[in-house]
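Keeping their order, the protein sequence lines are chains P and U. Just so you know, we're using numbering that gives the first Met the number 0 here: the first sequence kicks off at 0 and counts up by one. Just so you know, we're using numbering that gives the first Met the number 0 here: the second sequence kicks off at 0 and counts up by one.
If you are wondering where the hints come from, they were derived from the structure by calculation, not from laboratory data. A few of these clues could be false.
Claimed, not checked - Taking lysine to aspartate or glutamate and the EDC-like style, the derived pairs with C-alpha atoms no more than 16 Å apart in a straight line are:
hint	chain 1	residue 1	chain 2	residue 2
1	U	Lys-149	U	Glu-340
2	U	Lys-508	P	Asp-14
3	U	Lys-508	P	Glu-6
4	U	Lys-226	U	Glu-210
5	P	Lys-47	U	Glu-210
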Amino acid sequence: MTRYFTEDHEWIEVDGTSATVGITDYAQSQLGDVVFVETPDEGATLTKGGDAAVVESVKAASDVYSPVSGTVTEGNAALEEDPALVNTAPEGDGWFFKLTIADASELDGLMDEAKYKEFVDGL
Amino acid sequence: MNAPNQSGWKPTSPVAGTADGANTVTGNKALMLEEPLIFEIGNCETTGVDLPEPDLSSNRLGGFERDAEIGLPGLSEPETVRHYTRLSRQNYAIDLGLFPLGSCTMKHNPRVNEKVARMPGFADVHPLQPVDTVQGALGVINELAQWLCKLTGMPGVAMTPKAGAHGELCGILCIRAALEAKGDAREVILVPESAHGTNPATAAFAGYRVENIPATAEGRVDLAALKARLGPDVAGVMITNPNTCGLFERDMKAISDAVHAAGGYVYCDGANFNAIVGRVRPGDLGVDAMHINLHKTFSTPHGGGGPGSGPVVLSEALCPYGPLPFSEFHADGTLTLVEEETAGERHPHSFGRMSAFHGQMGMFTRALAYILSHGADGLRQVAGDAVLNANYILRSLEDALDAPFGASGPCMHEALFSDKGFAEGMTTLDLAKGLIDEGYHPMTMYFPLVVHGAMLIEPTETESKAGLDQFIAALRSLAERARAGDETLKAAPIHAPRRRLDETLAARKPVLTWSEPEVAPGEPSLSEQGGS
Numbered sequence: 000m001t002r003y004f005t006e007d008h009e010w011i012e013v014d015g016t017s018a019t020v021g022i023t024d025y026a027q028s029q030l031g032d033v034v035f036v037e038t039p040d041e042g043a044t045l046t047k048g049g050d051a052a053v054v055e056s057v058k059a060a061s062d063v064y065s066p067v068s069g070t071v072t073e074g075n076a077a078l079e080e081d082p083a084l085v086n087t088a089p090e091g092d093g094w095f096f097k098l099t100i101a102d103a104s105e106l107d108g109l110m111d112e113a114k115y116k117e118f119v120d121g122l
Numbered sequence: 000m001n002a003p004n005q006s007g008w009k010p011t012s013p014v015a016g017t018a019d020g021a022n023t024v025t026g027n028k029a030l031m032l033e034e035p036l037i038f039e040i041g042n043c044e045t046t047g048v049d050l051p052e053p054d055l056s057s058n059r060l061g062g063f064e065r066d067a068e069i070g071l072p073g074l075s076e077p078e079t080v081r082h083y084t085r086l087s088r089q090n091y092a093i094d095l096g097l098f099p100l101g102s103c104t105m106k107h108n109p110r111v112n113e114k115v116a117r118m119p120g121f122a123d124v125h126p127l128q129p130v131d132t133v134q135g136a137l138g139v140i141n142e143l144a145q146w147l148c149k150l151t152g153m154p155g156v157a158m159t160p161k162a163g164a165h166g167e168l169c170g171i172l173c174i175r176a177a178l179e180a181k182g183d184a185r186e187v188i189l190v191p192e193s194a195h196g197t198n199p200a201t202a203a204f205a206g207y208r209v210e211n212i213p214a215t216a217e218g219r220v221d222l223a224a225l226k227a228r229l230g231p232d233v234a235g236v237m238i239t240n241p242n243t244c245g246l247f248e249r250d251m252k253a254i255s256d257a258v259h260a261a262g263g264y265v266y267c268d269g270a271n272f273n274a275i276v277g278r279v280r281p282g283d284l285g286v287d288a289m290h291i292n293l294h295k296t297f298s299t300p301h302g303g304g305g306p307g308s309g310p311v312v313l314s315e316a317l318c319p320y321g322p323l324p325f326s327e328f329h330a331d332g333t334l335t336l337v338e339e340e341t342a343g344e345r346h347p348h349s350f351g352r353m354s355a356f357h358g359q360m361g362m363f364t365r366a367l368a369y370i371l372s373h374g375a376d377g378l379r380q381v382a383g384d385a386v387l388n389a390n391y392i393l394r395s396l397e398d399a400l401d402a403p404f405g406a407s408g409p410c411m412h413e414a415l416f417s418d419k420g421f422a423e424g425m426t427t428l429d430l431a432k433g434l435i436d437e438g439y440h441p442m443t444m445y446f447p448l449v450v451h452g453a454m455l456i457e458p459t460e461t462e463s464k465a466g467l468d469q470f471i472a473a474l475r476s477l478a479e480r481a482r483a484g485d486e487t488l489k490a491a492p493i494h495a496p497r498r499r500l501d502e503t504l505a506a507r508k509p510v511l512t513w514s515e516p517e518v519a520p521g522e523p524s525l526s527e528q529g530g531s
């Protein structure tokens, strides 16, 4: 399994053609307490860079973009009941959705963990 | 009377007790009275009105009679009056003090407006009255419309939209109708980062895909990025000018020209028009549609005090598509309303209606009273004083608070600060809570999003220098505490009726309806205990 990061502060963990997507610890720290999450429905078709989910905190509402194109296999139902998971475990139980990747080559431009850390340090 | 707040569900401070440790039996603090919910003090058995027992022996409800108590609280007249008066004392309003909410223009609502709006000829008319009996009211709509056209340099105006976002929708629907009339379906509306948050929502609601245009380092629209994105799929742009960074978009004319050259239209969010009224005509800048918040620029009450009103001025290109109804002035001095019956002949391309009737009549009379009492020169001074007051705050505090666009020149009607320089762990929220202790409504915070920990302060022109000086002194003291890491600021507000509320819990688990608290078996329930 390999984990990639985007400049929009999302992570995607890839296992063959399936992947899990969430927002990074840096993103949750900037948002503050998350109060609401809307995840995509199973079967929804996502395009790379297009709107995939919505996250709302006490400070702001933000779109979450899909790091790659694909078809949603599952939205994280736990976030509906407990949006705080995004704050406590952003890169674990606070994942947003899983999808089947349409085109693996879209992963090429994404950052690995070290590169993302460098990117965040530069902000 | 019951002990106040006995159900105990209302939010209280995590820090128990009052600042000086003295609690009273009643929960009241001198003349600040602790007030329970009306459901906690009233009950079904009490009533303030003597009504004869109704005859329920026969009815035509067909078995749908209520078979349980309705659960509405009953109170005597003095109890009712006191309840709402006590609650109103815990409110903060523009009539109590400075209300520095950036982007909201909480200016004084002159009392002459109220006097005029209460005149029976305006206050007691009905929208379905025969037109020849409401010539005066139609005259007000028409005269206000002419002023709005003149002040904006635009040929037409739709008066019916009920508020800013409603006006945005009206403008975008005009753009959609104009494009569809040309058989030119476009899909994208461009919205800069510094626009009002309602703009992308409006575009999406009208069926467009929204794309962001970045801001430059000095806080204005990136003209080059905008031009690069324009093309045959772009229906238009929505620009807030002055923008939410408190800056005038100097490239507005160039933006409009580029958008028009690409076949699109320009929507301007006119919420901040009070900064430029009497000085800049948006029509001269190439704007095709702009809403005017009568409840901001033209001083009609809002924010709990009254409804909004958002007329939309339209360019020559969009006028034919404006909504019904509108008032039409005739050579003989009479006015008629153009509605669906005559629209086929008078206004055939209208996209439809924004509201059932003519708009917010009560706000029209107030806004016209404001305009006429100020005159053209007075309105020009409104803009000048609004900008002067905001710059006075910006320059008085820029050594104590970080002003991210302080170097971009004078601000317009609002001053923007960031949380840069605060000690570790201190936030904009802490400073805002401290302002409550100082007796002010907090400023707009965490907006615009382009600035970290944003504090957006709009004093408006109706504050005196002495009033601004006191506010500046309060804010300076709070800024110094935030920079020094004064932990006591984390406990603010300590003087408010409620201490720091758990806003996260309130958002995650909102309690929106009252239900009678569960009581132990054998104990009388709240409503059985009686109200007084």
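Do the hints match the structure? See the list:
| no. | hint | result |
| --- | --- | --- |
| 1 | U:Lys-149 to U:Glu-340 | violated (29 Å) |
| 2 | U:Lys-508 to P:Asp-14 | violated (36 Å) |
| 3 | U:Lys-508 to P:Glu-6 | violated (32 Å) |
| 4 | U:Lys-226 to U:Glu-210 | holds (13 Å) |
| 5 | P:Lys-47 to U:Glu-210 | holds (15 Å) |
In summary, the structure is inconsistent with hints 1, 2 and 3 from the numbered list given earlier, while agreeing with the others.
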